[in-house]
Amino acid sequence: MKSLTPPLLRCLCLNRSMDFIRPKRMLYFWIDKIRNVLLRLSWHLVHSIINLCYFTTGMVHALESHLISRGLLRKYKSLHISKIRYLAIVIESEDACRTSNVIELLQWLAALGIKHVSLYDNEGLLKKSKDIILEKFDGAVLFQDTHENNVLLDQPRMTLEFVSFYDGKEAVARAANVLLMKYIKSGGIGSNQGEQIFTESQMSEALKTVGSGGPEPDLLLIYGPARCHLGFPAWRMRYTEIQHMGPLTCMTYGSLIKAIYRFTTVRQNYGK
Amino acid sequence: MYDTIVNFLRKCIFYVLSVGPIPNHIAFIMDGNRRYTKRWNLMQGAGHKVGYSALMSMLKYCYELGVRYVTIYAFSIDNFKRTPEEVQSLMDLMLDKIEELLKEESIVNRYGIRVYFSGNLKLLSEPVRLAAERAMLATAKNSKAVLSICVAYTSTNEILHAVQESCEEKWDEITLLNSSGGYEPDENVNLIKLTDIEKHMYMAFAPDPDIIIRTSGETRLSNFLLWQSANCYLYSPSVLWPEIGFRQFLWVILNFQRIQVYLDKKRKQV
Chain V
1 MKSLTPPLLR
11 CLCLNRSMDF
21 IRPKRMLYFW
31 IDKIRNVLLR
41 LSWHLVHSII
51 NLCYFTTGMV
61 HALESHLISR
71 GLLRKYKSLH
81 ISKIRYLAIV
91 IESEDACRTS
101 NVIELLQWLA
111 ALGIKHVSLY
121 DNEGLLKKSK
131 DIILEKFDGA
141 VLFQDTHENN
151 VLLDQPRMTL
161 EFVSFYDGKE
171 AVARAANVLL
181 MKYIKSGGIG
191 SNQGEQIFTE
201 SQMSEALKTV
211 GSGGPEPDLL
221 LIYGPARCHL
231 GFPAWRMRYT
241 EIQHMGPLTC
251 MTYGSLIKAI
261 YRFTTVRQNY
271 GK
Chain A
1 MYDTIVNFLR
11 KCIFYVLSVG
21 PIPNHIAFIM
31 DGNRRYTKRW
41 NLMQGAGHKV
51 GYSALMSMLK
61 YCYELGVRYV
71 TIYAFSIDNF
81 KRTPEEVQSL
91 MDLMLDKIEE
101 LLKEESIVNR
111 YGIRVYFSGN
121 LKLLSEPVRL
131 AAERAMLATA
141 KNSKAVLSIC
151 VAYTSTNEIL
161 HAVQESCEEK
171 WDEITLLNSS
181 GGYEPDENVN
191 LIKLTDIEKH
201 MYMAFAPDPD
211 IIIRTSGETR
221 LSNFLLWQSA
231 NCYLYSPSVL
241 WPEIGFRQFL
251 WVILNFQRIQ
261 VYLDKKRKQV
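Same order as they appear, the protein sequences are chains V and A. Here the first sequence is numbered in our numbering, starting from 1 and rising by one per residue. Here the second sequence is numbered in our numbering, starting from 1 and rising by one per residue.
Wrong hints could be hidden among the right ones.
[What the hints assert, rightly or not] Mimicking SDA-like on lysine to any residue, the simulated pairs with C-alpha atoms at most 20 Å apart in a straight line are: (1) A:Lys170 x V:Cys97; (2) V:Lys272 x A:Met1; (3) V:Lys272 x A:Lys170; (4) A:Lys170 x V:Val178; (5) A:Lys265 x V:Ser93; (6) A:Lys265 x V:Cys97; (7) V:Lys182 x A:Ile5.
The hints are simulated quantities; they were obtained by calculation from the structure and are not laboratory data. Just so you know, these numbers come straight off a predicted model, no measurement behind them.
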C-alpha cells in the first residue's frame, strides 16, 4: 500500500472535517432562518393586535363624535370659545387640494366664532388655492401683516392666513438678512464679544418685515396621518397646544368640538 | 433573580422590536415632577429625585434598544421665573447628578455615551457651568451614543443665537473683504443662507429627533426643539414623568413603527 503523502493526508482530513462541518452549517443556517421567520411573525402579530386596538378605539371615537355633533353629550354643550384667540390648522399637503373639506372646516369654525385661522401646509398648496377658498368661503378676509394682532380680534369677519414652509425656516433666514443689514449699518457693535446683539422682539419685527409675522396660535389642529406639525413656523409655536385630529377626509364636527373643549380645560404655567 | 428574568424578557422584546425601524433620536420633556410631589404628599424636591431614577431607566431602555441620540429638556430659560429657592434646589440637583454621571460605573461609561449640554450656558451659575464643561470634556472621546442635556434652553433663544452667530460670521467675512479692497454688501442679496443658521444651532451636532415624548398629558412643546421637530412624532402620555416606565416606552416605539414610513417620506420631501 502506498503511504499517504502529507498533502494528500491533509486533503483527506479536510474533506472528512468538511463532511462533518457541512451538516452543522446547514443546521445553523436553518435555525437562523426559522428564528428570523418566528421573529417577523411575532412582530407582525404584535402590530396586528395594535391595529385592531386602534380600529376599536376608532369606532368608539366615531360614536362619541356623532353624539357630540347631535348635542347629546352635556359636557360639550357650552364651550368657552373666547379662550381661543388664534387657531392654526395643519393639513397634510396631499389633502390640501381637497378645498371642499377645507371650506367645510372653515364654516364650522366661523359658526363657532373663531376670529383668526392660520391654514398651513408644508408645500404651500393652500396658498396657491387661496383665491378659490376665499371666493367660495365668503365669511373671511385675508390676513395682512400690517394688521396688529389685537385688531384681528375686533374684526366682524374671520381673518384667514395662509402659511407654508416659506414662512417657517426660510422666513427666519430672510429675517436674519434684515437683521444683518441693520448690524452692518450700525458698524458691527458688540461683535464677537459674547454680548447679545439682537432681542427676540427685534427678531419678531424682522419676521413681520419679510411678510411672515403672524400671531402665535393658542391651538394647533393637525389633520393628517400622524401627530406631527410638518414644519409650522417654529417662532410662533412656543406654547401652542397641539392636537391630532386624524386624516382630513375623516374630519367630523364632533371631534372638532372635543378638541376645542379639551383645549379650554388646559392650564399653563409658562415655565413657572 | 427577578431582575435577571426581567432584563432577559426586556431583551427578548427588544429583539422582536428590532425587526421594524428603530428611532435614531428620541427627545424627552420631563414634565410632572412637581405634580408627583403634590400627589404623593412628598417633601419639596422629592419628585425631581424620583424623576431622575425614571430618567436613568428610560436612558437604559433607549441605549439597549439601539437609539443613538437621546435629548432631555432639563431646564428651560422660562424656569428661571420660578422661586429662587426652587431654582437653586434644581441647580444643586443638576450639579450633584453631573458629578454622578462622571463616575466610573455610571451609565455614561457603561454605554459609551458622549454628553452635550445644549443651551445658553452663560445663564447658569459658575459651578454648574464648569461642571457641565467638565462633563463634556470628559466624555468627548465616547462615540457609541449621545446624550444631549438642554439646560438654560429655549428654541427661540437657540434660533436667535444661531442668527446672531451667522451675522457675526458674515460681518467678519465682510470686514476681511473690506480690508483687501472696498466691498459694499448688496441689500438685495441674501448673504445668510438657511444652512448658515442651521450650522450655528445648539443642536447642530445631532440629527432631527424622530420622537418627542412629553409626559403629564400636556400637548404643547413649551419652546423645545421647535425648529428640529418638523417631521417628528409627538407623543403625550398622560402619566407623570416620575411614573414613566417600560410600558410607555414600548407603546411609543410601536406607534413610531406604525407611522415611520410616512415620516420618512416627509423628511425626504424637505
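Going through the hints against the structure:
1. A:Lys170 x V:Cys97: Between A:Lys170 and V:Cys97 the Cα gap is close to 41 Å, so the pair fails against 20 Å, i.e. violated.
2. V:Lys272 x A:Met1: violated, 44 Å
3. V:Lys272 x A:Lys170: violated, 37 Å
4. A:Lys170 x V:Val178: It holds: about 13 Å lies between the C-alpha atoms, which stays within 20 Å.
5. A:Lys265 x V:Ser93: holds, 12 Å
6. A:Lys265 x V:Cys97: holds, 19 Å
7. V:Lys182 x A:Ile5: With a Cα-Cα distance of about 64 Å, the restraint between V:Lys182 and A:Ile5 is violated, given a limit of 20 Å.
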